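Going by the UniProt record's numbering, the sequence shown opens with residue 1, and the numbers climb by one from there.
Since the hints were made in silico from the structure, they are not lab data. None of these values were measured; they are calculated from a predicted model. All the given hints hold, so there is nothing to weed out.
Straight-line C-alpha distance at most 16 angstroms; calculated EDC-like pairs for lysine to aspartate or glutamate:
(1) K292 to E95
(2) K334 to E36
(3) K292 to D318
(4) K334 to E305
(5) K292 to D122
Label pairs and their in silico Cβ distance ranges:
(6) S109 to S309: 21 to 31 angstroms
(7) S109 to G341: 36 to 46 angstroms
(8) E251 to E198: 19 to 29 angstroms
(9) T12 to R203: 50 to 60 angstroms
(10) Q199 to R286: 20 to 30 angstroms
(11) R30 to E198: 23 to 33 angstroms
Virtual Cβ for every residue (Gly too), placed ideally from N, Cα, C.
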Amino acid sequence: MADTQQIPESITELVPNFHVLALPMVTRFRSITEREVMLFEGPGGWTEFSPFTEYDAGESSRWLRAALEFAGLLPGAAEAGSAAVDQSAHRPVGESVAVNATLPACATSEVGSLLARYGPVDTVKAKVAEHGIASLPEDLERLREFRRLSPTTTLRLDANAGYALPDALTACTEFASFDLQYFEQPVAAVEDMARLREQLSDRGVPVVLAADESIRKAEDPLRVAELGAAEVVIVKVQPLGGVAAARSVLEACGLPAVVSSALESSVGLAAGAQLAATLPSTQRSREILGEKPACGLGTARLFAEDVVSTDQNLSPVDGQIPVTRIVPDPRRLKGLAVDRGRFDWWSTRLQECWRVLRPTLLSSMS
Numbered sequence: 001m002a003d004t005q006q007i008p009e010s011i012t013e014l015v016p017n018f019h020v021l022a023l024p025m026v027t028r029f030r031s032i033t034e035r036e037v038m039l040f041e042g043p044g045g046w047t048e049f050s051p052f053t054e055y056d057a058g059e060s061s062r063w064l065r066a067a068l069e070f071a072g073l074l075p076g077a078a079e080a081g082s083a084a085v086d087q088s089a090h091r092p093v094g095e096s097v098a099v100n101a102t103l104p105a106c107a108t109s110e111v112g113s114l115l116a117r118y119g120p121v122d123t124v125k126a127k128v129a130e131h132g133i134a135s136l137p138e139d140l141e142r143l144r145e146f147r148r149l150s151p152t153t154t155l156r157l158d159a160n161a162g163y164a165l166p167d168a169l170t171a172c173t174e175f176a177s178f179d180l181q182y183f184e185q186p187v188a189a190v191e192d193m194a195r196l197r198e199q200l201s202d203r204g205v206p207v208v209l210a211a212d213e214s215i216r217k218a219e220d221p222l223r224v225a226e227l228g229a230a231e232v233v234i235v236k237v238q239p240l241g242g243v244a245a246a247r248s249v250l251e252a253c254g255l256p257a258v259v260s261s262a263l264e265s266s267v268g269l270a271a272g273a274q275l276a277a278t279l280p281s282t283q284r285s286r287e288i289l290g291e292k293p294a295c296g297l298g299t300a301r302l303f304a305e306d307v308v309s310t311d312q313n314l315s316p317v318d319g320q321i322p323v324t325r326i327v328p329d330p331r332r333l334k335g336l337a338v339d340r341g342r343f344d345w346w347s348t349r350l351q352e353c354w355r356v357l358r359p360t361l362l363s364s365m366s
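Work the whole structure out from these sequences, hints included.
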């Protein structure tokens with residue numbers, strides 16, 4: 001392994017140059033209308049560091065680890081950032097993975113136009129519970145319109161932990177009639193997820209639960225599996241600390257998995273696609289998710305502008321995105337750049353996250 005000189009005190013010695021961009025979105029999503037991301041380049045190619053602005057340095061440091069790994073700047077991570085062949089899974093870059101469309105908590109009148117941005121897809125994930133149980137009438141109306149337009153499309157729901165436990169049971173009972181593949185994170189706590197699953201079983205409500213927000217760090221999926229809180233785990237490369245870390249987590253928890261986006265640009269989506277291409281296929285995963293699970297990596301369609309042109313970004317074509325690396329367009333790096341104040345905020349944040357991450361890297365080398 002590399003010596004400690006390769007883990008300097010200042011992150012600028014590893015990442016001397018970076019870009020911070022504000023990507024406008026086509027609709028409000030996760031309460032934002034533009035997404036700020038940091039991009040930089042390493043021996044393995046371009047990478048993205050984009051924890052949401054409200055995340056603290058401790059949580060965001062895992063996102064930094066993922067970015068450094070994918071760029072080939074983390075000791076021992078060169079193969080994870082390789083642009084050629086992923087030797088650990090024997091899968092060449094150049095294949096593609098299936099993705100789902102994402103339907104935000106939009107007006108019913110917008111359902112058709114928003115889904116049309118994705119082109120033909122076999123699976124759609126719809127957001128619900130934007131205002132908790134108070135959103136249920138609007139959510140039901142939106143889903144009825146979706147089913148009118150797409151009666152045979154596979155449907156997933158995502159509540160982003162928006163319900164209290166009693167309300168989640170009510171919502172699941174209402175949503176069950178829409179023939180769901182799974183319902184993602186109805187409640188926040190893993191213990192409440194386990195209780196909800198028991199209650200659904202007791203009442204004979206056929207809703208499969210998936211854990212997303214419950215999985216922020218490597219030990220979380222293991223606890224989800226231990227408590228029987230969900231039958232599917234949603235994994236995201238940046239929050240789990242990188243492609244290699246996410247693979248290890250999936251192997252340890254043994255649950256069917258879907259790789260999803262953290263609302264990244266096409267540069268960040270490329271890391272998710274690499275992980276998705278190596279997901280294990282088991283009898284249980286095939287029973288719940290089918291032979292080729294659609295991953296939540298089609299979110300480039302939610303951006304009005306990406307880091308590359310529309311014909312070069314990772315927007316789905318016929319429900320697929322390629323496993324590849326993305327090189328940002330220099331004109332977009334300039335045209336989408338944030339102002340000086342936001343750039344300085346991200347520069348400070350980068351170093352703060354490095355201060356958290358660096359001791360763990362030094363410890364792993366001792």
